[in-house]
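K.L.:
The primary structure of each chain is shown beneath.
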Amino acid sequence: MTTSKKKTVFLAAVLILVLAAAIAVDAALPSYHIVIKVIKKGTVYALVAVSMNLLNGFTGLFSLGQAGFMLLGAYAYGVLTIPVAKRISVYQYFDGGAIQFSLPEIFESFLGKTVGTTVGMLLALLVGGLLAALMAWLIGLPVLRLKSDYLAIATLGFAEILRAFFQWNALGPITNGSNLLKSYPDFEHATSYIILAGLMIAFIVLLINSTYGRAFKAIRDDEVAAEAMGINLAKHKRMAFIISSFFAGIGGGMLAMYNGTIAAAPFKSAMTYEILLIVVIGGIGSITGSILASYLYIFSAEWLLRGLDSGKFLFINAPAVFKNGFRMVVLSVIIMCIVLFFRKGLMGDKELPDLLGRRPKARKKEVAGK
Amino acid sequence: MQQILPYIINGISVGGQYALIAIGYTLVYGILRLINFAHGDVFMVAGLVMVYATTAMPIYAAIPLVLVVTVALGFVIERAAYKPLRTAPRMSVMISAIGVSYLIQNLAFYVTGGVPQPVTNPIPWISENVEILGASTKRVTLVTPALTIVLVIALVYLINHTKIGMAMRAAAKDFETAQLMGIKINAVISMTFVIGSFLAAVGAMLYFTNYPSVAITSGGMPGLKAFVAAVFGGIGSIPGAVVGAFIIGLCEELIKGVGYTTFSDAFTFALLIVVLCVKPTGLFGEKVTDKV
Amino acid sequence: MSANVLKVENVTMQFGGVVAVDNMNLEVNEGEIVALIGPNGAGKTTAFNVITGVYQPTNGAVWFQGEKIVENHPQGKMKKLYKGQNDGAYTHILAPTPDKITQLGMARTFQNIRLWKSQTVFDNVLIAKHCRTHTNFLSAALRLNRKEEAAQRAHVEELLKTVGLYDVKDELATSLPYGKQRRLEIARALATEPKLLLLDEPAAGMNPQETDELTAFIGEIRDKFKLTVFLIEHHMDLVMDISDRIYVLDFGKLIADGTPEEIQNNQRVIDAYLGVAEDA
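In order, the protein sequence lines correspond to chains V, A and Y.
Residue numbering for the first sequence follows the numbering used here, starting at 1 and increasing by one per position.
Residue numbering for the second sequence follows the numbering used here, starting at 1001 and increasing by one per position.
Residue numbering for the third sequence follows the numbering used here, starting at 2001 and increasing by one per position.
I should point out that these hints are in silico values taken from the structure, not numbers from a laboratory.
Check each hint, because a few of them may be wrong.
[Stated by the list, open to error] Taking lysine-lysine and the DSSO-like style, the derived pairs with C-alpha atoms no more than 27 Å apart in a straight line are:
no.: 1; chain 1: Y; residue 1: K2169; chain 2: Y; residue 2: K2117
no.: 2; chain 1: V; residue 1: K5; chain 2: Y; residue 2: K2161
no.: 3; chain 1: A; residue 1: K1173; chain 2: V; residue 2: K344
Kindly generate the complete structure, drawing on both the sequences and the hints.
P.N.:
In structure tokens:
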């Protein structure tokens, strides 16, 4: 078997195992169990982290606007799926809100309850993604020409402007102003999250390994050379930006699903920083790294380290020190250590199948040694 | 005129506070080409320390303590988080700055329990009310612009007429050559952070005298706005940062005066976008051409 | 009568107060190998950058295969038009980005090697074929373009074999020795299917033997791929051996042009640059 065939088989085996494990866990535990919650949240973060890696890691565009696109996706999902009957109470200050339909209910009427609801929910997620993509297209026109530092702050600025808009009471009939959106449907099983995110991540992986993905990497490594070799910088940067934002939007919608409520306030720069740091931990330029780091981070933050917030951790009883917030401090310190001392992150720029075979770098030592 | 006068006065005052923070950003960017994302959080920490210090000790000890702690914080951040990455690609240092910002915010949350800390003992004299041109305001509103101008003049003198200032200018022009010419680059960089943090501490003490409490998120907005001011004025240029800050402070207050309070924040970011698209180098910035 | 592949017409390039290229006029005809020589800092790479669209000239025009592709004049405002009309001199502004010029059929290498460091030798050349793709990103991601990709990969293999880098095709580009990296850059430029190849100091850093190999190599690829070659070089043996004609640049101005013999005997060129050969 050739190396690439071996790698594909290995990858497929891993994916099947993961799926089987997810189904098993879903069957064994109730949906409110902490493990299920962690898997769901980790999956959502994995999708968003991969989308950010596509932009920052593979194309070299240092954008800090992720939270803004997630915000768009989250609101699109909530607004389009709240059952009509519930809208009066949710939009209580805005007379039930301007939108008086819900996608799941529309599809339920002719596709039946389960299929219809699912189709409606998926469509709402899709709309969220498209909305984010549209915003990315609009923003991208002026912003992508900027140098890396300026691009970072421009995208940060746009995300903050979006957030301000979504808290504006004048838009209340749609967004519910500064009030929460709630009562919308969610997927019960973690497996649904995994399949959904998995398909999207698979698409991103396929894209990265295609000729366009290689063009993105060329832009990252040396954009002057890329341009000289016929790659239109503006078009490809915009492409990466739009695709990344599309998936960030869907990720936002899935986050809304997971959280059960939507407000604009949490979608601030701190959320983008969190995702960025996850990408760094996993390894900028490694999809596997982003996925692993997301699960690791969520697992640690939500479960492993929860003792640090409630007085008892690892057999040490110190309620004075281990109070609310200590968990995040410890995590932040660990992240700083990785940023400073393990800059390549968990996986560097390698992917899972690479752990199997030898990569060109290994042979480099042989050639140099001759 | 009488209507908007308080807003103009406020605007100049807030502008001065932003200027003190903005200088920190612009100094660091000028030499290290680094956007010090953690600077706004240093400002917030200065506010927190002020709250604690003013309740725990007399004012003539509290103010120096705030200054010392903030300067120490800035110095330590540079040594621990930026110096090790000086040879790393630019993105790595920016990520480190983001990491520091994240850490400081989480630490502050842990220490304060997420509760905004009330300013129980505001600094006397500047927090007293005074009458100016028919409007009533705190004395700090008048002190701020004056103090800002004094400090900026002192800083400009330092940069243009002292040896360390010349070293800073050289490092800002060409980092590597400055090193090769024997300039103690570590001292220069530390000095930059010391100055920036000192000014941020002063700015914090002035800023939070106007507010009833200091929250974790308090550093976020002023920090970001000061940063926009620095970019608007031309990042790397001190007069630019000051001018930009005053303009932003004024516009912000005037927008509030006209009634669109929710958008005073968004205005600043819209300004940022416009500046970056039209003239990224800002009002007083330099143009740099890349050699192919 | 050979067709005119490249024509540089009254091109001036000014950076603030510095005139890097001063009213340059030159022509390269089909199938020729033309060299641009001159002391360091004369403006040779700047001229390349104007021709390939990296810089917009302060004044003048560039014609490629009979069509005007770049144009500016001091009174003109910069407009990012691509195809203007050819109805006379200096009526339109043309400022295409380098990728558009490459798509027209002009490819270049760089004075300081600019390979893509994270990619293998094979991928470096494969990426250069991206500009000849006709697939959109969706089809590419869903692997609906297998045929086109296979054809491109085959072309890359052929190119690598031609330049003699096939055996190292899976190595990281930066792990190659310097001379091979330069050859890789040339292979990469060839992958864009150019009519005109611009080489910026291809022999820089090479020893005499490598330079000889390169001389033969350039002649070979010119014949094999029906190219026209325009090169900047300091290695005079390469230049004199291979060039059909030579242009000499000094302080931004062209001071001479002609065949290698004419240039070698041109007093002005000798004074400015070449010097006189020492007696053995």
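K.L.:
Below or equal to 27 Å on CA atoms is what counts here, so check K5 of chain V against K2161 of chain Y.
P.N.:
25 Å, holds
K.L.:
Is K2169 of chain Y close enough to K2117 of chain Y, meaning Cα to Cα at most 27 Å?
P.N.:
Measuring from Cα to Cα gives roughly 14 Å; hence the hint holds.
K.L.:
Can the restraint linking K1173 of chain A and K344 of chain V be considered satisfied, given a maximum Cα separation of 27 Å?
P.N.:
31 Å, violated
Violated hint for the displayed structure: number 3, the only one.
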